[in-house]
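So the chains spell out like this:
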Amino acid sequence: MSHALLAATAIPQNGMSTDKAKTLVILVLVLPLAGALLNAALGPRLGRRFVNYAGTLSILASLIVTLVVFFTILGADQSLRSTTVTLWTYIDLGPGNLNVDVSFTLDQLSAVMMLVITGVGFLIHVYSVGYMEHDATPHRFFSYMNLFIFSMLLLVLAANLLILIVGWAMVGLASYLLIGYYYERRSAVLAARKAFITQVIGDIAMVVAAFMLVLGLGAHSLSLPVIFATAHDGFAVNGAYVTAICMLLALGAFAKSAQFPLHTWLPDAMEGPTPVSALIHAATMVTAGVYLIARFHTLFDMSVLAQGMVACVGMGTALMAGVIALSQIDIKRVIAFSTMSQIGLMIFAVGIGAYSAGMFHFITHAFFKALLFLAAGNVIHALHDEQDVRLMGGVERFMTNTGRYFLVGSVALAGIIPFAGYYSKEDLLGFGAVYGPGAPALYIAGLVVNVLTGIYAFRLYFLVFHGEPQTARISDAKEARRVMLVPVALLALGSVVSGFLLQFPLPGIGKNVIGDWLNPVFAQYGGTVLAEPSTATVLLTQLIGLAASLLGVGLARQWFFFHSPDAEVVASRVPRFLTLLSLHRFYFDDIYDAVLVRPSLAAARGVRRVIEPRYIDGAVRGVGSALSELSVDFRTYQTGFIRDYAAIMTIGAVGFVAIMVLLVAR
Amino acid sequence: MNSIPWLTLLLVVPVGTVLVLQVLPRRATALIKAVTVAGTLANAAIVAGLLVAFDRAPGTKAYALPQGGSHAAPLTFQFQEFHTWVPAIGAGYHVGIDGLSAWLLALDAGLFLLAAVVVSSRDTERLKLFCGLLLLAEGATMGVLLSLDLLLFYFFWEGMLIPLYFLLGFWGGPERGRATLKFVVYTVAGSLLMLLSIIYIYFDQTATASGHLTFDLQALILNPTPTHDVVGFSAFGQHVSLLLTPRQFAFVGFALAFLIKVPIFPFHTWLPDSYVNAPVAVLVFFAGIVGKLGAFAFVRYALTLFPGRVQDFHYVIAALAVISIIYGALLALSQRDIKRLVAYASMSHLGYIVLGIFVLNANGLNGSILQIINHGIIIAALFLIVAMIEARTGTRDLRELGGLEKRMPWFYAFFLVTTLAALSMPGTNGFAGEFTILLGAFTATWALAAFAFIGTLLAAWYMLRLHQGVMHQPLTPRGEAVRDIRITEGLILAPLAALMILLGVFPKPVGDISKATVNQYVSIATGTQPTLGAPQAVAPPAEAG
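First to last, the protein sequences are chains A and B.
Per this note's numbering, the first sequence runs over residues 1 to 666.
Per this note's numbering, the second sequence runs over residues 1 to 545.
Only chain B is shown next, with the shape it has when bound in the complex (with noise of 0.2 Å):
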């Protein structure tokens, strides 16, 4: 099985579809739409044969240290590939998947072929360029989620923005200049910040007798890090504390980036713009699953780096995230622009999924493990709905609606499902997610539950007002002449309705893949995982696969 190199496939054949799209004309619009959906199917086939695979119980592996020796791996990793990259910084081509990871991936190539399906449904200008980019994206967003190597995840945390920035500025709607500025300003200031983080963590370690240094990831959680005081200067023969070690300043380098990325409250201004302004087909894996990277970025990286220094923050990003929660809720509430409603309804959602991360225990991560990929699949239901709605009626604007169930039966059900789900009706994959978060939440302190579940009420306000504001009520004269969905329509969110059920239902699956790895997670925060001081004596060297 190792034999082939499956998760360097998945970063290939994104940008191999690339290349065939260039040979392609550019009138062939058939033809280019076919070859999008292919890449991204044969990219969902690959994940799901990975996850198939996938083994749910590892146990733990041994780590070849650079630095010679070897230690019982701190994360296990499955279908790892490891090729030098740049010797001379210790820099290594690392990928590999664990249970964090892996069903981000198939949320990631279940959107994109969402995305490529989306767009082979309708006109876009300049086809091939959108489809181009849209793969790109897809390769940059897969190796945020492969790669274990710090060096390595920047270039690809990086260079998701590029394709990114052209589809929103291309393609974008009125306000689209404005809106992808904002959105590339804010993430390229937090990627600096990180990246400052970064140089900093690689020249803190310790280095080996033959000066080694590096950038792999499992290397750096297990470095023993000198003990720093807290930093500070001279100045007019006063000494001035800034009263934070250089790690914790590290941390709140990466942690900035990463509130910006999901984001968190009060770093979420690009968003509402940024989603409003973009197009369907993008905003399927923009809101889908680009956002839920923060989150992933959080727990693999700010997690990990600083064991045991996780604790003298976690509660401040907590509250951040509940603020989150109930102020994106009372935005959401008050807006008349039914896409920028649910954009504040994302940000809301996304508030849980960051609170579960920080409660710092199993039941919190793996919930919000749950409801990454919940959200994932209701915010792109979500989205598509509202455009389905914009393109029948000409308006967005809550005032001008009503009524449309009586035009639209199909398209009712599949809402009405769709807002459960999002308001987290009990039965529904919402609910599954967000209580195994704030039972996590609750078990941490039971005031960070107490006010998230404001934010729960909030949710049943602003869903039912966006959903009977539309579909109930007297019909507007805007939904006279309005036809039901298309069987095509209905096969796209036929899908994701299911999958909602279905995970409301049986969301063990999820869980069964995502626990072993979120014990490891959640002891390397708390600090309660052994590191080289405590070294324990494993046989064999290498990286067994």
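Extracted from the complex, chain A is given alone in its bound form (with noise of 0.2 Å):
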């Protein structure tokens, strides 16, 4: 690695050579790859602390190098930023055929990916330190951790779309591991299963969109920039099969983040430890979807529909989400739904071509709601795995710092200026005042979302940390220790900071730091980047967004500061059918379960009990023992099985041919 390193420094104003984009690569994927391997064969011989600093140091070595391959872009020229490696052929099939390299691209793009992958990643990494200390196969859990980072970081690396699938199917293998780690849990058994069918879904969608690209295109080697540099001339602009396209990319994009209407694993999946929760199901897998449209921006350009469709679905995620965020009582299912809504944001910017701001998103999400998570994690390691926030309140003032650190997160969620929501969050509803289907339509339904958050996210802060405790044991809470703490609390920097520094709200002051680092990547390939609204558009949206917030913070403080934790409260403040869905969350799970999975079973079932015995070998027999009775001495043989048998073959042949008879006949 120090090879690496030297490397890096040496050429500063070049691109990155190939060999070294190559190290970089191998580098970067290796290391938390050896990490996991090394948990899962050794981990149990070498104990506990071997596991913890193996499954630490390799995240944190893979940081270093992403830090390496960051300034190496940093310093190159902005033409040269972009760099693609092969590293070995995986499939060639001749010309005209499947024809598949293993490659992979260093660019802005992927570079941000990757700093937030492995820097929130190896922060959540210490945190487990702590929080599995009295967990009993610390080496399961860090090798599934350390092989969710590798498969990520496949996923944003990959430059061929079958080895980002291959990094998509993996992530939603390290999350249905996860989700499952306390196996004899039935119910963490069963919501794993969940969320890998629902991933398997989203799979399909990616690969049946696979197949279109080599058809449409004749891009037998699913390369990436091959796909991008040909789908102009291959494709009509508004066209139904790019269209097509790029509807089944967003089904995938919408298993993987949990939007409408793939969205039911993703509060099941908080059966996993709260790490799990924060890394995989708050800052980085969830948000794969946004990724995958930024990427695939070329082609999501060039259907109007399919980014409508994006946006629409995005908001009302995100929409639906905050109303059902209103009324759970569970701590971790809170903040789940939370993250649904964010995500659900990110999908809407993205929806409206508003790319970088999706990111930008994306990255001060992953600081507060890692932060909200692993806070709450701290909260359930005090008081022995109690989640309900019924039997919380008053925490704060035997937990202080997390009580503190947790409100730094919910201000940031709930987008108050400065924190870190408030500068995200607004630039991208501020391109949706101006930009998307039926402008401003889905604005004034952003400015709901705000509304919710506020309420949500402080009705969670007082109902856990304010009012009377509850119950007697949180009395015996105590703060974290400091394992736990510090990640928390260089969580909670990023939440202050990462807002203001990267992007200054209003044009012509400050840096727009985020938009100049990644809009030369939406911009190759001939795409257009939106221009910012006009600076009178971007204030009066800044303003209305923040007033929609305090709002949302005030409903919050006005119902439930002084109240009591009680399930019901919301029940009594908001019409009863919004309470009941709510409640229910919107019954997705009933329906599909009424529609899909019962009727599946039962047709397995059926095909089971009647129609394979009853019809296909019944009617094997059937015929046979008709053939017997028919027979003038079928009692003289009672041995009549291989009798049976080929009579029964003869029939079911002729049977046959006259099928194909039929079905060729001209």
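Certain hints may be false.
What the hints assert, rightly or not - Here are the in silico distance ranges between beta carbons for each label pair:
#, chain 1, residue 1, chain 2, residue 2, range
1, A, Tyr592, B, Ile323, 19 to 27 Å
2, B, Arg399, A, Arg185, 15 to 23 Å
3, A, Tyr182, B, Glu480, 13 to 21 Å
Claimed, not checked - Not everything, but these chain A residues come out facing chain B in the computed CB check (under 7 Å):
#, residue
4, Phe211
5, Ala604
6, Val610
To be verified - A few chain B residues that don't get close to chain A, going by computed Cβ distances all over 12 Å:
#, residue
7, Ala28
8, Val117
9, Glu125
10, Phe155
11, Gly173
I should point out that these hints are in silico values taken from the structure, not numbers from a laboratory.
Ideal Cβ positions, reconstructed from N, Cα and C, are used throughout, including at glycine.
Two chains, two separate frames, one set of hints: put the complex together.
This is how it looks when you write it as structure tokens:
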């Protein structure tokens, strides 16, 4: 690695050499994978200390390599910032057939993703050392966590759609493994299965999109640069074909990012240990859908319909999840629905073409949402796995630091100036006021989301940390250990500064760091970068957005500050149908169960109990016995088996021939 | 290199090993096991050498016609050997390998080696007989893959049945009698139809001036067949048409034999009974290679002997394959017996292989060959895993199993990898094959792929139901005293799991060997291959090795 470090500083002004890019890609991927394999194979032997070090240090090493990548790209000229390298040939079936390379791209977009994945990932790994201190199989936990980091890096680095799909599915696998980590709990097992199968739906959509790209563009290599470079010649703008591809990709994105209609797995995913929720189900994996759409901006820019659909689904999910979050009583589920809602905003942003705004919110969200989960984890840990907010209250008295950090996270989430969430959320809503389908209709919906966010964020904060303790054991709660506090503190720092440092809202004042960094990527292959709204619009939207957020916070204070925690509190404040929808999560689980799961199982049972024995095997047997009855001396042949089957086979064969004849006859 | 008849050795070694076994005393079990492993190992070594020496871009070779003269061979075979066998009827001992059979040979040799290792790691009654039959089965399956003469092929094809009959009949589970009978009768019925078709094709070829007829595959492919009218007959003064030409009937005869062998819906009902009652060492190659020989024969014979005619039927068979995928998956989803569940999962997976063949394009066929290898590895591992679970807990009922991960962490790791490969998780070999097959299907008609994806989704469901049902949830009483796998068991599973991952990230070697051959098969099947009607001048006459 020192070699790579030296090489990184050697040629500052040029692009990355191929060899160096290869070395960096291999290092950044192999380090977490090695950590995973080491822990899986040797962890049980070498014990907890080894596991903790192998788990965290491999991610730290990967983070260092990522920093080298970042600074090399930063030092390169604008036009030389993207490097694509091929490591080996996956499959080569000759010209005109499938022909795939294992290749990776290092550019501004993948660098941002890598920084968040390894940076936030490292902090969460450190935190996990404390959180999992009493767990019996830490090697399993860290092995899965490292596998996740590897898969996520594979996903964002892939320069080939097939490799991207591999990473895409593997993050789903890591998520499955970690949701089902406490495998003796039936609820965890079922939640893991649900998450996995939902992901498979998304994976299939991606595979079909890949097939369509092969057919439509003749892109037998599935290489992303080739696809993007030929898309404009191969597809008609706003044509049905490119729209279908975008819809399929979007479906994949929705499955991963827990957007309507494939969102139902995320709340159940909270069965996993809390650091998992922070890393996978808040900061990184669930934002992969945002990354995917941003990466495929060339295609999405070509289909107004697909973009409009994505924007509407994003905002719709943001609203729906915001409403559901109002009534949840499990501390992690409130944050989970909040995540769903915030990702909805990001999906909305990339749906209207404001790609860097979407990515900006991804970055700030990674900080404050990981913070909220980890702080909640501290509380859960201190209260011995209690997650019901009705049984909390007054926790701040006993866990001062955690309480403060949680407040920082809540403020950032609600979007109050000068915390990070404010800048990124108002930035993307500002774009929404001007661009997108039926603008500013969705923008107004976004303001409602702001109000909802303020309410549920502070409802949670007040219920947990304020008021009177609802159970005796809260007074026994102790502040978390330093290994669990320092990562939270660092995330809190990020939740404060990552907003205004990266992007100051007013054009002309300060610097648009994130936009300047990412926009060249989105301008590639003839892409258009949305122009910033006018200064007046920006000012106005920022003020209105802030007012909406403050209104939400104010309502939360009004309703929950002095109240003792109560599950039905919301019920008396909002129309009854909303409460019912909220409590039942819009009935999606029930609908899917009734429409998809039960009928499939019934069909499977029907095939096993009726069709197979009675008609397929039964027809065979029945024809046989019918024949034996016709035969004159059937009673003398007591062992009619061979004869039966021979007869049956003949009949079956004749039947098959008849079917073929009917089908083929001219 | 060609001075040594390597391919004949592949047949001689198993038979020779059987003879050696006859000399050994019945009590010397260790020696019997060692000899059996050595015999299969020798075959595996020869196959490995053949794969290394295999010419990946062989070009087209000249083919000496029995009628005299020569022609560009439609299929390029390597390491060929030819000896006259029954000259009177034009049947020869003609063996050779191409990019299709090369990998199947490797799978065949590998799985029989694995079966021999499995046998030697446990106690078996009448061990000597068992090992002898196992080796005979290896010889027969090798013969099916190697032969390039229709009569020789039929000889091995039927010969395969005999050792299998005894292996299932003597060492099978409680319902072995019924299961064996069902299997044998089904298969024999199919084979007889194939025999009729072979005889028809033989007499339908255009004889040369000297009256030569031949069973040689290449000659039959090249032979311009007379065009026939639709078959019909007169009855009561009416002409009754049977709607198909004789040639089409012949195709149906072949197709039925192979559909039963694979098996494909609705000819599958022998499969669950046979698989569930078969001992694990037999299942390794029974499920791993014998079923795939049906798929192999589809490509080698059904695609080639009816140039241009395959298109009359290929959507029918592709549709049956898709039905098989979904039907098998639904049956797997509703099973409680884990062995039966795996048997139906196997049926569903075989549907993909046949689908890839009958979409008649290079992606589909290459994918099928890849998936034949992949599925052989995966299904062998799955049946071994089921056997390990049953041996430890004494049950195969999902309701009585659960929580074994707590007791068997190493086993869990292998089972996890196998589960993922079986549900075509991207990054495992199952995905590489299925992706390529479905790309081919999607190219042919998107609807085929669309329905096949239902099977993919169901596969995730039933495989997780199996995996989680056994490994997760609270530990059941059956699992209380269970120990993790022994090192020997780990050494059996480890290479299989390693291959699942290796071929998942680097499937290229399979395609490298198959792609040139695949192009030849596809062009013959779609009728774009020139036959004797458009002769090409190729200089040297003989069969260059």
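Restraint satisfaction for Val610 of chain A [CB to CB of chain B, less than 7 Å]: At 11 Å from the nearest chain B Cβ, Val610 of chain A fails the 7 Å test, so the hint is violated.
Interface exclusion of Val117 of chain B relative to chain A, criterion Cβ beyond 12 Å: Label holds. Min Cβ-Cβ 23 Å, cutoff 12 Å.
Least C-beta distance between Ala28 of chain B and chain A, which was stated to exceed 12 Å: Holds, since 38 Å exceeds 12 Å.
C-beta pair Arg399 of chain B, Arg185 of chain A: status relative to the range 15 to 23 Å that was hinted: holds, 18 Å
Status of the given 13 to 21 Å range, CB of Glu480 of chain B versus CB of Tyr182 of chain A: holds, 20 Å
Status of the Ala604 of chain A interface restraint (C-beta, 7 Å, chain B): holds, 4 Å
Non-interface claim for Glu125 of chain B versus chain A (Cβ beyond 12 Å): holds, 25 Å
Range hint 19 to 27 Å (beta carbons of Tyr592 of chain A and Ile323 of chain B) holds or violated: holds, 26 Å
Cβ separation check - Gly173 of chain B to all of chain A, threshold 12 Å: With a cut-off of 12 Å, Gly173 of chain B remains clear of chain A, as the shortest Cβ separation is near 18 Å.
12 Å Cβ clearance of Phe155 of chain B from chain A: holds, 22 Å
Status of the Phe211 of chain A interface restraint (C-beta, 7 Å, chain B): holds, 4 Å
Hint 6 from the list above is the single one not met by this structure.
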